[in-house]
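Protein chains: 2
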Amino acid sequence: MTRTSIATVCLSGTLDEKLEAAAAAGFDGVEIFENDLIGSARSPEEIRARVRDLGLTIELYQPFRDAEGAPPARFAAVERRFRAKLDLMARLGAEMILICSSVAPDTIDDDELAAGQLRRLAGMAGARGMRIAYEALAWGRHVSTWEHSWDLVRRADHPALGLCLDSFHVLSRTDAYGEIPGDRVFFLQLADAPRLDMDVLQWSRHHRLFPLQGRLDLAGFTGAVLRAGYRGPLSLEVFNDVFRQSDPHRTAVDARRSLTALTGGLTPAPRLTGIAFAELSVDAGSGPELERFLRTLGFAHTGQHRSKPVQLWEQGTARILLNAGATGAASIRAFALESTDPAASARRAAELLATPLPRRRRSSEADLTAVAAPDGTEVFFCRDDHGWLDDFLPTGESPVKGGLVTGIDHLSLAQPFDRYDEAALFYRTVLGLTEDEASEFAAPYGLIRTLALRNDDRSVRLGLSVPLLRRGDWAPAVPHPQHITFVTDDMAAVAGAMESVDIPGNYYDDLAARLDPPPLPRNALHDQDEHGHYQQLFTPVVGDRVFFEVVERTGGYRGYGFANDPVRMAAHRAHRGAR
Amino acid sequence: MTRTSIATVCLSGTLDEKLEAAAAAGFDGVEIFENDLIGSARSPEEIRARVRDLGLTIELYQPFRDAEGAPPARFAAVERRFRAKLDLMARLGAEMILICSSVAPDTIDDDELAAGQLRRLAGMAGARGMRIAYEALAWGRHVSTWEHSWDLVRRADHPALGLCLDSFHVLSRTDAYGEIPGDRVFFLQLADAPRLDMDVLQWSRHHRLFPLQGRLDLAGFTGAVLRAGYRGPLSLEVFNDVFRQSDPHRTAVDARRSLTALTGGLTPAPRLTGIAFAELSVDAGSGPELERFLRTLGFAHTGQHRSKPVQLWEQGTARILLNAGATGAASIRAFALESTDPAASARRAAELLATPLPRRRRSSEADLTAVAAPDGTEVFFCRDDHGWLDDFLPTGESPVKGGLVTGIDHLSLAQPFDRYDEAALFYRTVLGLTEDEASEFAAPYGLIRTLALRNDDRSVRLGLSVPLLRRGDWAPAVPHPQHITFVTDDMAAVAGAMESVDIPGNYYDDLAARLDPPPLPRNALHDQDEHGHYQQLFTPVVGDRVFFEVVERTGGYRGYGFANDPVRMAAHRAHRGAR
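Sequences listed follow chains A and B, in order. The numbering of the first sequence is full-length UniProt numbering, which starts it at 1 and goes up by one. The numbering of the second sequence is full-length UniProt numbering, which starts it at 1 and goes up by one.
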């Protein structure tokens with residue numbers, strides 16, 4: 001089993017907090033980032049003991065800068081500095097140091113000189129049983145490709161000198177990275193990133209992500225390095241502005257999950273066949289309002305939980321639970337997915353470090369297992385035999401036949417600012433969903449990012465959204481409520497029955513100028529793609545965190561109407577102001 | 001007097017909120033951004049009336065996209081859409097529309113075709129007494145330079161068709177923009193930006209700033225356009241992620257200030273000769289602790305305010321007021337600057353929209369006038385004759401002669417996340433300071449940006465700092481306290497007297513490996529530049545918002561020790577944990 005490691009620079013907090021988080025998430029080792037050590041009040045010996053007590057190993061000490069290519073007059077100072085760092089490593093119990101290619105303006109472009117200097121430093125390290133992993137920074141002054149760093153390592157030809165490969169530095173430059181000398185790769189650092197057209201140094205310093213969260217081919221690269229014979233740890237080195245200021249325990253779990261998903265060997269994701277139910281927490285204010293909305297849409301209150309204050313509402317294949325036993329304002333607290341193998345779904349979730357939740361049901365319903373999503377939303381797995389319905393006593397009301405709503409189209413889950421990339425990876429890997437559509441738009445109080453995920457047959461669709469920047473005092477506290485989107489095949493009837501928020505006339509004027517759509521029911525929004533049309537209708541927001549949407553898809557429209565989100569948000573804002 | 005205008009897209013909120021903020025900040029007019037109108041529940045007629053009632057005019061309606069170069073089969077739809085927008089403008093009372101160069105993939109690269117289409121649209125607009133301002137987007141499909149847009153306008157040759165120049169689109173591509181046909185420029189949009197090496201579309205959409213807040217030559221460009229004979233408004237069009245989610249009233253003031261500073265004609269900034277005093281608010285807990293720190297540094301409590309619970313502490317030229325009459329935790333609530341002409345300083349501040357503060361002093365001290373900085377910090381202007389000291393009754397204690405501290409070196413003012421760019425522009429323009437040094441570093445709980453400002457002779461130095469991202473639940477609530485930095489010429493004596501936070505031994509090991517500095521007093525940090533050396537010593541944080549620093553500069557060192565900030569922050573964090 002390949003060892004896993006994480007650089008302390010990936011995590012927020014003090015060195016102690018970082019080490020504890022890495023250990024708790026199950027990493028085997030860490031890279032000690034020099035600045036974290038310098039800021040720590042613990043001595044190297046104390047850090048060594050702490051690392052050991054936590055069950056970790058120090059895989060790498062890093063970085064050592066501006067070594068190779070130094071003008072000979074400066075190289076004496078490099079040697080002095082290097083010797084001091086070897087002394088430090090001996091105290092720490094670290095056996096490998098990373099040297100990254102020089103960026104200093106006075107660096108000399110002379111491979112023979114540089115290789116000789118690296119050989120000399122390798123001699124110093126080797127004499128103490130230590131090794132050097134030499135890495136080409138993508139913005140190195142003269143050495144900026146892994147091939148060039150490999151050329152220097154070959155020229156230096158010292159057993160204590162090998163390569164450090166960093167997936168970001170390699171893949172940010174090229175996808176054609178050629179033949180990798182696996183036995184001379186001493187260390188492998190992994191980082192993903194979105195594809196950004198910007199200065200590579202800034203891209204690297206601010207926007208790295210954990211594997212599978214970005215757009216670099218981490219799976220291909222990692223596989224190639226492992227096939228080439230690399231036997232060291234898979235170590236994450238991610239510089240990310242958000243991770244730097246987020247709870248390191250959550251970030252470490254996110255990081256560990258990304259490595260687990262990358263290296264595979266997981267229980268395959270069973271096929272999902274639909275959303276069994278969505279559960280809303282309600283309170284004295286929101287409960288009656290949500291019940292009223294459901295009633296006007298044609299839902300029936302068909303069941304009451306045997307032991308808990310939970311109502312079951314049904315229409316078509318849509319099932320909504322209203323849970324008055326939970327605390328807090330109305331929100332989506334849980335949803336259940338129909339799986340062809342709920343136990344395997346839960347097993348895969350556990351393998352991917354999802355937090356298992358205590359069973360809420362009686363033991364007879366063993367299939368209904370749940371895990372917590374990154375923001376705490378409960379995700380249940382159940383069979384499509386509706387066995388979980390036995391928990392509910394019939395009220396006598398029957399589901400409406402041929403009602404307005406035929407099922408749940410998708411769930412829109414607003415995410416906490418710090419957890420967006422984690423949530424996307426979580427839902428994608430745990431549930432085996434694929435990315436469907438991503439969008440960024442200007443809402444009245446700031447920019448919003450949205451990502452839709454779906455399974456193959458679109459029977460499970462989730463929308464994730466997050467503000468591009470964390471909101472402050474000015475913007476509404478809950479800038480983008482969650483919502484449950486129902487699907488209908490008779491939007492005109494829905495519009496006649498449902499309480500909807502008023503859509504500005506200016507929207508319809510613009511729509512007519514742009515698209516000349518067919519007549520729309522009152523307050524319905526319109527979108528279209530190359531397949532067909534989409535109509536959307538919204539209830540007011542209940543409390544400040546949840547509302548219902550009803551959509552009609554015609555002709556195979558595949559989107560989510562993201563382009564209309566700013567209008568919907570402005571309409572909700574105006575509705576709130578008007579109350 | 002040139003009219004001023006702001007595009008509604010610069011501001012956060014609903015259209016109503018944006019219009020109110022623009023009017024309150026004193027703008028003459030606005031550009032109505034289409035999405036703001038579409039999201040508004042007000043009819044165009046109601047918006048027209050609202051704009052008029054607020055004393056504004058609509059200078060421009062924008063944007064109209066993908067017009068020129070349309071395949072002939074699509075151009076009929078362009079005309080239909082354009083006619084609908086002219087109808088809308090008639091209802092709004094807008095007389096000019098912006099057409100930006102096409103980005104649609106099907107756009108045809110044929111200047112004759114494009115010019116003919118623009119001529120046709122200009123005919124439609126002209127027939128209704130309206131005009132078109134045509135703008136080259138830097139990322140336009142075929143038209144991406146202002147020279148190209150001017151070529152099409154000349155070819156089209158219609159009196160209702162002119163140019164829109166946008167400083168960002170021009171200056172992001174070139175500083176050599178050539179001869180500008182002033183009488184054919186119908187509209188001038190101004191935006192500054194930092195110099196970023198990235199995709200120009202992303203740069204433009206997320207990182208624009210108000211004039212003088214970035215690195216583009218706004219003054220040169222605006223002057224050139226005005227000299228060329230442009231007579232329309234100066235209008236701001238700034239897409240900025242932070243401004244989009246900040247209080248629009250503050251942003252509008254910031255925007256208006258930038259235009260005022262750009263167009264000049266201000267009272268010249270009088271010469272500043274020093275920091276007269278810094279005033280800390282204190283409470284029952286922090287007061288005694290701050291007094292103790294001041295005492296151990298050699299300060300004497302020399303005066304007591306005649307009517308208020310304010311203590312005066314003095315040493316050398318350093319004067320600290322401790323104000324127990326203010327509410328809230330210990331923090332820097334005010335500072336006073338010695339000006340060769342305090343009245344002129346205050347006049348300039350008022351011209352630059354600084355909020356004047358009611359006089360806190362008796363009428364006999366007319367020179368002590370104050371304005372509020374963006375975060376509410378009170379900035380006083382006074383003569384260097386120390387007349388304000390008359391407000392204080394002597395306690396009998398005398399200032400220590402030849403004490404440890406000789407004066408105030410600088411003030412470090414942590415800024416609210418939303419107000420950083422505004423604060424930098426405020427202090428720079430109101431006080432006539434220049435940028436001294438900018439830095440970005442990784443603090444234990446996230447990245448921090450820092451900017452130092454100073455006057456010519458360095459008798460007034462201010463450091464501004466802000467987290468790169470707004471902090472959330474994990475990072476400490478006050479991640480970067482403010483501080484007052486005193487200067488000494490005997491750091492060893494200070495170190496012997498003062499209670500300082502412990503600096504990790506790892507810091508000294510690394511320092512020795514890197515720089516081999518002369519021996520340092522216990523807990524002192526070291527920095528050096530090409531001029532000389534710098535030593536820094538810190539007290540613990542008092543409350544959670546303020547501490548004292550003492551520095552010694554030798555050999556003309558000019559910096560602020562920013563590189564040591566992460567170590568200082570980690571030390572303060574460790575000190576807090578140890579208490």
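Hint data in this document are derived by calculation from the structure and do not stem from the laboratory. From a predicted model like this one, the values you see are computed outputs, not experimental measurements. Errors might be hidden in some of the hints.
[Unchecked claim] What follows is a set of in silico ranges between Cβ atoms, one per label pair, in the way DEER data are often shown:
hint: 1; chain 1: A; residue 1: ALA512; chain 2: B; residue 2: ARG359; range: 57 to 63 Å
hint: 2; chain 1: A; residue 1: ALA84; chain 2: B; residue 2: ARG215; range: 15 to 21 Å
hint: 3; chain 1: B; residue 1: ARG576; chain 2: A; residue 2: PRO72; range: 42 to 48 Å
hint: 4; chain 1: A; residue 1: ALA228; chain 2: B; residue 2: ARG173; range: 22 to 28 Å
hint: 5; chain 1: A; residue 1: ALA84; chain 2: B; residue 2: ARG576; range: 35 to 41 Å
hint: 6; chain 1: A; residue 1: GLY285; chain 2: B; residue 2: ASP199; range: 35 to 41 Å
hint: 7; chain 1: B; residue 1: SER439; chain 2: A; residue 2: GLY116; range: 52 to 58 Å
hint: 8; chain 1: A; residue 1: GLY376; chain 2: B; residue 2: ASP199; range: 32 to 38 Å
hint: 9; chain 1: A; residue 1: PRO72; chain 2: B; residue 2: GLY220; range: 42 to 48 Å
hint: 10; chain 1: A; residue 1: GLY285; chain 2: B; residue 2: GLY407; range: 58 to 64 Å
hint: 11; chain 1: B; residue 1: GLY577; chain 2: A; residue 2: ALA84; range: 27 to 33 Å
hint: 12; chain 1: B; residue 1: GLY223; chain 2: A; residue 2: PRO72; range: 50 to 56 Å
hint: 13; chain 1: A; residue 1: ARG205; chain 2: B; residue 2: ARG576; range: 55 to 61 Å
hint: 14; chain 1: B; residue 1: GLY577; chain 2: A; residue 2: GLY126; range: 35 to 41 Å
[To be verified] Rough simulated footprint, nothing fancy, chain B against chain A, three-plus residues with beta-carbon under 8 Å:
hint: 15; segment: 308–318
hint: 16; segment: 448–458
Beta carbons: idealized from backbone N, C-alpha and C, even for Gly.
Mind checking the hinted window 50 to 56 Å against the Cβ distance between GLY223(B) and PRO72(A)?
This hint holds: roughly 51 Å between Cβ atoms.
For the hint 58 to 64 Å, verify it against the beta carbon of GLY285(A) and that of GLY407(B).
60 Å, holds
Quick one: are GLY376(A) and ASP199(B) within 32 to 38 Å, going by C-beta?
36 Å, holds
Confirm or reject the claim that ARG205(A) and ARG576(B) have a C-beta distance inside 55 to 61 Å.
The hint (55 to 61 Å, Cβ to Cβ) is violated, given that ARG205(A) and ARG576(B) are roughly 28 Å apart.
Can you let me know if the beta-carbon spacing of ALA228(A) and ARG173(B) is within 22 to 28 Å?
44 Å, violated
Taking the beta carbons of ALA84(A) and ARG215(B), is their distance inside 15 to 21 Å?
Violated - the Cβ-Cβ distance for ALA84(A) and ARG215(B), about 39 Å, lies outside 15 to 21 Å.
Kindly confirm whether 42 to 48 Å is satisfied by the beta carbon distance between PRO72(A) and GLY220(B).
With a Cβ separation near 46 Å, PRO72(A) and GLY220(B) satisfy 42 to 48 Å, so the hint holds.
42 to 48 Å as the expected CB spacing between PRO72(A) and ARG576(B), which holds or is violated
47 Å, holds
Satisfaction of the hinted span 35 to 41 Å by the C-beta atoms belonging to ALA84(A) and ARG576(B):
Once the Cβ atoms are compared, 30 Å apart, the range 35 to 41 Å for ARG576(B) and ALA84(A) is violated.
Between the segment 448–458 of chain A and chain B, are there enough contacts, at least three residues with CB-CB distance under 8 Å, for the coverage claim to hold?
violated (count 0)
Consistency of beta-carbon spacing, GLY116(A) to SER439(B), with hint 52 to 58 Å:
35 Å, violated
Within 35 to 41 Å: is that where the Cβ-Cβ distance between GLY285(A) and ASP199(B) falls?
Violated, since GLY285(A) and ASP199(B) (Cβ atoms, about 47 Å apart) do not stay within the stated range.
When the structure is compared with the earlier hints, violations turn up for hints 2, 4, 5, 6, 7, 13, 15 and 16 and for no others.
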